[in-house]
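Protein chains: 2
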Amino acid sequence: MTDQQSLQANKEFLDQVKWDGQGLLPGIVQDIQTGEVLMVAWLNRESLRKTLESGNAVFWSRSRQKLWIKGETSGNFMKVQSILLDCDGDTLVLLCHASGPACHTGERTCFHRVLAKKENQAKCGCGGCPGCG
Amino acid sequence: MTDQQSLQANKEFLDQVKWDGQGLLPGIVQDIQTGEVLMVAWLNRESLRKTLESGNAVFWSRSRQKLWIKGETSGNFMKVQSILLDCDGDTLVLLCHASGPACHTGERTCFHRVLAKKENQAKCGCGGCPGCG
Chain V
3 MTDQQSLQAN KEFLDQVKWD GQGLLPGIVQ DIQTGEVLMV AWLNRESLRK TLESGNAVFW
63 SRSRQKLWIK GETSGNFMKV QSILLDCDGD TLVLLCHASG PACHTGERTC FHRVLAKKEN
123 QAKCGCGGCP GCG
Chain X
3 MTDQQSLQAN KEFLDQVKWD GQGLLPGIVQ DIQTGEVLMV AWLNRESLRK TLESGNAVFW
63 SRSRQKLWIK GETSGNFMKV QSILLDCDGD TLVLLCHASG PACHTGERTC FHRVLAKKEN
123 QAKCGCGGCP GCG
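One line per chain: the protein sequences are V and X, in this order.
Heads up, the first sequence is in our numbering, so the first residue is 3 and it goes up one at a time.
Heads up, the second sequence is in our numbering, so the first residue is 3 and it goes up one at a time.
Honestly, I wouldn't trust all of these hints.
Same chains, same names: a pair is fine if it fits in one copy or spans any two.
The list that follows gives simulated cross-link-like pairs (lysine-lysine, DSSO-like), each with its CA atoms no further than 27 Å apart [as the list claims (entries may be wrong)]:
# : residue 1 : residue 2
1 : K20       : K68
2 : K52       : K119
3 : K52       : K68
4 : K13       : K119
These are computed hints drawn from the structure, not numbers from a lab.
Can you make the complete structure from the sequences, with help from the hints?
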């Protein structure tokens, strides 16, 4: 059994995917081991079909107007373990094993800039978050 | 110190937020303790400002065309610990403490439907993902 094994689609939910006016929906790529949100990209029906078949994340590039196998040039494929659909059917989460950095900058995640944070996180007090742990 | 404490914005990155043609950008809400992606909603400048000031996630409702304090009716506020910006500046991750279910259905997360998954996840072999752990 390899990571490239195809994904078993849940047909009940597959019919509930809602594509936007351009036939797209956003896919949030999440690292299944660390929980990090790695990137967000767009899928159309064809890219979702190819993702299901190949087990690697395939997106639709809006700028290049073509299918885009994540990792086809860098080798940093996203091996999809499961795909989640939200309650209104217009956004996906792709839980993946990342073969390497997700970001074109070489960072592990595209979300590597801290826009804002609470001061003195260590005093948050929840006991469970990164600031408290 | 309370969870409502305001967030300290990183002005260097705040200027790099790219709003779309409607003056919006998507915010991915992630549970800071479990790592679960809980929901996705839209922010405009005003909702981001109010999120930074209040420490609670505030969105822009596209259907109602008004600001929407998550939890204002349910009591299930999203207490924001930090906000991440992606490499191209058009998507946010809000790392939050969830006061209760994120989804209107009562589920913890809006992403509670499994669209697809690999068969025999236990044989994935990585040793670290939910299927292997």
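How the hints compare with the structure:
With identical chains, the CA atoms of K20 and K68 are at most 27 Å apart both within one copy (20 Å) and between copies (24 Å). Taking the shortest alpha-carbon separations for K52 and K119, only the inter-copy value of 14 Å comes in at or below 27 Å, while the best intra-copy value is 38 Å. With identical chains, the CA atoms of K52 and K68 are at most 27 Å apart within one copy only, with a shortest distance of 13 Å there and 38 Å across copies. Proximity of K13 to K119 under the C-alpha cut-off of 27 Å is restricted to the inter-copy arrangement: shortest distance 12 Å between copies versus 41 Å within a copy.
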